[in-house]
Every structure is written in C-alpha cells, then in structure tokens.
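> If you want the building blocks of each chain, they are given just below.
There are 2 protein chains.
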Amino acid sequence: MRCLVTGGAGFIGSSLVDRLLAQGEEVVCFDNFDTGLIRFLSEAQENKRFTLVKGDTLDVAALKSAMKGCDIVFHLAANADVRFGSQHPRKDLEQNTIATHNVLSCMKDTGVRKIAFSSTGSVYGEATVIPTPEDAPFPVQTSLYGASKLACEGLIAAFCEAYDFQSWIFRFVSILGERYTHGHVFDFYRQLSADSGTLAVLGDGTQKKSYLYVQDCIDAILLAIRNARGKVSIFNLGTDEYVEVKDSIRVITEELGVKPALSFTGGSRGWIGDNPFILLACSRIRALGWTPKASIREGIVRTVRFLKANDWVFAARETPAWS
Amino acid sequence: MRCLVTGGAGFIGSSLVDRLLAQGEEVVCFDNFDTGLIRFLSEAQENKRFTLVKGDTLDVAALKSAMKGCDIVFHLAANADVRFGSQHPRKDLEQNTIATHNVLSCMKDTGVRKIAFSSTGSVYGEATVIPTPEDAPFPVQTSLYGASKLACEGLIAAFCEAYDFQSWIFRFVSILGERYTHGHVFDFYRQLSADSGTLAVLGDGTQKKSYLYVQDCIDAILLAIRNARGKVSIFNLGTDEYVEVKDSIRVITEELGVKPALSFTGGSRGWIGDNPFILLACSRIRALGWTPKASIREGIVRTVRFLKANDWVFAARETPAWS
Numbered sequence: 000m001r002c003l004v005t006g007g008a009g010f011i012g013s014s015l016v017d018r019l020l021a022q023g024e025e026v027v028c029f030d031n032f033d034t035g036l037i038r039f040l041s042e043a044q045e046n047k048r049f050t051l052v053k054g055d056t057l058d059v060a061a062l063k064s065a066m067k068g069c070d071i072v073f074h075l076a077a078n079a080d081v082r083f084g085s086q087h088p089r090k091d092l093e094q095n096t097i098a099t100h101n102v103l104s105c106m107k108d109t110g111v112r113k114i115a116f117s118s119t120g121s122v123y124g125e126a127t128v129i130p131t132p133e134d135a136p137f138p139v140q141t142s143l144y145g146a147s148k149l150a151c152e153g154l155i156a157a158f159c160e161a162y163d164f165q166s167w168i169f170r171f172v173s174i175l176g177e178r179y180t181h182g183h184v185f186d187f188y189r190q191l192s193a194d195s196g197t198l199a200v201l202g203d204g205t206q207k208k209s210y211l212y213v214q215d216c217i218d219a220i221l222l223a224i225r226n227a228r229g230k231v232s233i234f235n236l237g238t239d240e241y242v243e244v245k246d247s248i249r250v251i252t253e254e255l256g257v258k259p260a261l262s263f264t265g266g267s268r269g270w271i272g273d274n275p276f277i278l279l280a281c282s283r284i285r286a287l288g289w290t291p292k293a294s295i296r297e298g299i300v301r302t303v304r305f306l307k308a309n310d311w312v313f314a315a316r317e318t319p320a321w322s
Numbered sequence: 000m001r002c003l004v005t006g007g008a009g010f011i012g013s014s015l016v017d018r019l020l021a022q023g024e025e026v027v028c029f030d031n032f033d034t035g036l037i038r039f040l041s042e043a044q045e046n047k048r049f050t051l052v053k054g055d056t057l058d059v060a061a062l063k064s065a066m067k068g069c070d071i072v073f074h075l076a077a078n079a080d081v082r083f084g085s086q087h088p089r090k091d092l093e094q095n096t097i098a099t100h101n102v103l104s105c106m107k108d109t110g111v112r113k114i115a116f117s118s119t120g121s122v123y124g125e126a127t128v129i130p131t132p133e134d135a136p137f138p139v140q141t142s143l144y145g146a147s148k149l150a151c152e153g154l155i156a157a158f159c160e161a162y163d164f165q166s167w168i169f170r171f172v173s174i175l176g177e178r179y180t181h182g183h184v185f186d187f188y189r190q191l192s193a194d195s196g197t198l199a200v201l202g203d204g205t206q207k208k209s210y211l212y213v214q215d216c217i218d219a220i221l222l223a224i225r226n227a228r229g230k231v232s233i234f235n236l237g238t239d240e241y242v243e244v245k246d247s248i249r250v251i252t253e254e255l256g257v258k259p260a261l262s263f264t265g266g267s268r269g270w271i272g273d274n275p276f277i278l279l280a281c282s283r284i285r286a287l288g289w290t291p292k293a294s295i296r297e298g299i300v301r302t303v304r305f306l307k308a309n310d311w312v313f314a315a316r317e318t319p320a321w322s
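Heads up: the protein sequence lines correspond to chains G and L, in order.
Position 287 of the first sequence, counting from 1, maps to 286 under numbering that gives the first Met the number 0, and the rest follow consecutively.
Position 306 of the second sequence, counting from 1, maps to 305 under numbering that gives the first Met the number 0, and the rest follow consecutively.
For the record, the hints were derived by calculation from the structure and aren't laboratory data.
Among the clues, some could well be false.
No distinction is drawn between identical chains; accordingly, a pair holds when it is met within one copy or between any pair of copies.
Unchecked claim - Result set (DSBU-like, lysine-lysine): computed pairs, CA atoms no more than 35 Å apart in a straight line:
#1 245 to 47
#2 113 to 90
#3 245 to 63
#4 90 to 245
#5 230 to 90
#6 258 to 113
#7 207 to 67
Since this is a predicted model, take the numbers as computed values, not measurements.
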C-alpha cells in the first residue's frame, strides 16, 4: 500500500510514518515544515520505501503530484493551534478547510479513493452529553479550530457521497507522547525549565481534559482503516479517563522533582473557546477490539521524559523548522 | 436600523429587502447579480432608504465598504445550487464557506455585531430522526451544498464566541413563492411551457419534500431577530406538512390545466446527494409565536401564478442578470 501522509513531519504524522514503514508500506510524506520537524523523520529517511516532499496543502499542483499512485491519504496536516484561533481567524480557514478541500479535489483528479482524517473532539463544542458519543446532539461550535475541522468533516463526507470515496474520520482528544511539541505539557515544561519555582496556569486549574497516548492513537487509526467498511466511518479516540489541569501539573512536577508556586489566571476556561470539559465516549472504536495501552498519567510521564531527553525541540520550535 | 442584505437581488433576498424597507429600515443590498435579478429591486430602487451595491462576497474591500455603518447583516448570498455541487465542487467552498468567512471578518473589522444567516435543512444529511429537530443527532453530510452551509454555521458560531457577535441561523426547507427562479416548480413549469404533453421527472416521484412560502419565511426571520436573545439562535423553518414530488406535479398541472405524460428517471433520489425525505421539526420558531400562513399547496399555486405573470424571468435566467 502506498500512503500519502500530509503533515507527516509533525508529532502524530511522523509517528504514523514510522509505523506505516514498519508494517511494510510505501510512504510519501508531504509537509510544509511550518511546525513539522525534519529530525522526526531521520529514521524514515533511511528507508527506501520513504519519500519526502516539502510542500504546502494550499499548493494544489505539488499536492497532486505527491498524491499520484497512492492508495490512501492520511490527511493530518493542519493548523492545530486551537488556542490562538481568534487572533488569526483566516489561518484555520486556509490551513484546515481550504487545504482539506484541496486534498479531496486532488484525490478526485488522481483517482485516490480512501482518506483517513484527523478531526478533533472540539467539534462537539460545549457538549451537552458527557461522555460525548459520535452521534451526540448537533453541536454548536465554540472555536474557530473546531469549526474548521467540522467543515473538513462535512467536505469529506460530501465527497464520499459524490465521488464514491471511503473515509475514516477520527475525533481526537489531545494527544501526548514522544515528539509532542505543543500544548500544555510543553508549555509547563518550558516554564519550569526557565524557572522551577513558579508556574503560571491559564484558567483556574480545574478544567477537565482527556488525553491519549500517541501510539494508542495510531493503533486505533490503523485498526479502523483495516476493519471499518462503511463509506464514512467516524470514531472518537480517547481514553475513558480525564484529568484536571491541576492533576496534570502534579504528574509533571513530580516527574521533574520540582515544587513550583502556582499562579492561576482564573476562570473556568483557559482561553476564549476553550472547552471546560472534553470526555469522549469511545465504544465505537473499542467495538473493533481497540484498547488504549497507556493511562493519561503514563502519557504525561512519557511526554516529560521525551522532552527531557530532547531539549533540541525547544530550540527547533523557535527557528525555521526546515533548517 | 441599517441592514446589509447580501444576495439582496435574489428570490428571498429581494423579498426581504422589500419587507425591511416597508417596516422603515435603511437597506444596503449587496449582490453580484450572478443569479440575482435587478427587476426584483425595481420597487426598492424608488425608496430613498435603499442603496444598491454590485459586488461579490469574495471581494473583501467592496464588502467592507458596503457594511460600514450597518447594524446587522442578513447574509443570504450563496451558491444555492444544491443539485449540481458534484459538477463544480469548488463553487460551494468559495461562494458559501469562504464568502461567509469574509462576511464575518468584515463584521469584525467594521464593528457590526449581528448576523442573520440562511442555512438549509440539507445540513441534516439523511436525518435519522424525522421530523428533524435542531438538536438532532450529529449529522453526516451527503451534499457539497449542505457541507458548505454546515461550515458557514460553524464559522458563525465560532465568531460569535470569539468576538461577541450575536447570530440567528435559519435552516430552511425549500422556499416557494413570488420571485422563485430555480428549483423543481421552475423546471417543471419551463418544461410544460415548451411541451405541455410530457414531463420528465428526476427520481421516482415519491421523494418527500417540505416547502415554505417565502413571506412566511421572512415573517419567521424578522420575528426571530426581534425576540431570540441568545448568542447563537438556530431555527428550523418549514411547515408541518410535506408533499411527494408527484403531489407537487399534480398541483402544478392542475393550475396550468395540462395533463402531461410523466416519465421518471427512477430511483429514490433525484440526484447524488439528494435527500429522499426532509421534514423539519419547527417547534422552536413556533414557540416564538410564528405560524406559516400558506400551505405547501398554496405556495406552489402562488409560484405557478408568479411564473405565469412573469415570463421574463425565464429569459432573464438565460442571459447576464445585470443587463
């Protein structure tokens, strides 16, 4: 199987690339290296079944060229910055919605008929049913990020209907683990590296969040594309647990052996559009035989250990990623 | 109140323009005249409170200029061609999703904080609950048109959250009445004008459809913006009735006094992505005191009578609309 992985130099993308190569697939990685890191692909680049293309999903010609001859697209490229959406509202539209339209349009033109897509639990907005199942009541969006991913899901389903594609849509909770380079554990780690005595926390620390370990996430994706046969298969991906931000801080500080004074900005939301509570009902993917192997605590610990052992990612996130 | 009506030269848009002027508002009509017709605005153009701007919602500068000083935007401009979405998939993206992003972005820049939006019952895809309420199970999209309107709804809600806008989102069934210039009654009328002896019908004629008379639709919109106070208020707009395409044909042919032989293309769908059954639960808007005054039958009869008395619309739909 020849696979195109958009965003293949990113946290989840590069982890997927390695797993696909390990199971014997051919992999084309397509990434604009805005946030992707070339070092995540160092092992992949030694594999003859791996091809690297530097390109942007807004560049239709480059995308189409990379896609030719592929059997499936894993479309992970995105502006994943849920928090700062209100500061640059057009970025989600371009990098998520229009980019996904381009991917689908190129699939139509090149005859690729299968797409796996990384959506988000944020599409549920402030869910009225918790844990939230895939067929929860029609949600009202609360973030530009969630809205853009919802738009992508709609496009994918409509293209499936119009052009007989098959799709797998995965609504993730936040993902943790090796190669994690943005989000709260990253921010807290960076703050504590600079000054282990204090930690500034957005919100009041009681926001409840659900996390999933990256390899468990990839297990689920690979299992679903093998076994879910529908035209449009939608799966929540998360654990049955949740933690409060405060709990997460406890795990991080214990792992680092520091005892910072915490200062909270207050309020039940970390930022505008933040969801105070995300917990997804994952019985659909569990019915296929999937079970997460790592607890949230283990996911956080592995993330902290990765960051400890890979100081370079902090510098890499400050400088052009391709360099 | 100064109102911007995008798509204000269209069927529903121009009807809204006239009603807003009649209730004493100032109205700026913004239309690219792709499908809008200048003759629909002949009465409006005699009113001092009316301003006409020829512009496209993809032209941000023109849009922003037209929006300045307005209190509310009625965003009706759209590619309303649900049927041929699969033949030009980018049109829905541009004219609906990107255009709506532009409208919201210009509102942010000009300080306009209220938006009323024409969405569609097509966002429910193939609804699992019928009649379908606004909080029906999270739908899977089946048409590029529905997907694009879903994307618009998501953007509107997210902008409301991020920038403290207020919005009213209306999910319409198909609208009928004076100035109706596309859709099945139009197509059937045109066929029967050319040859009253035969009528070709997409599907098997048993597709169930719900329709609403245009003035009832506008009553609901004006009532909702006066009385619904939430940040994001979503309303289905339809009647409690439905008809099969066959029933609709009977009303049209009786009104025209013709007895054509019917030929059906067959199948339960008129086209790819067509919904075999749309019926919306409208208790939310009814709870505000709204009741449709015209039955579906009356809506069809009024449409046929409008077409009979306005032969010019058939020619106008074939030639550049601005001319």
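> Would you mind marking each hint as holding or not holding in the structure?
Hints versus structure:
1. 245 to 47: Neither, since 45 Å and 61 Å both go past 35 Å.
2. 113 to 90: Both: 26 Å inside a copy, 23 Å across copies.
3. 245 to 63: So residue 245 and residue 63 fail the 35 Å test inside a copy (45 Å) and across (44 Å) alike.
4. 90 to 245: within (31 Å within a copy, 47 Å between copies)
5. 230 to 90: Classified as both; 29 Å inside a copy, 24 Å across copies.
6. 258 to 113: neither (49 Å within a copy, 48 Å between copies)
7. 207 to 67: So residue 207 and residue 67 fail the 35 Å test inside a copy (43 Å) and across (42 Å) alike.
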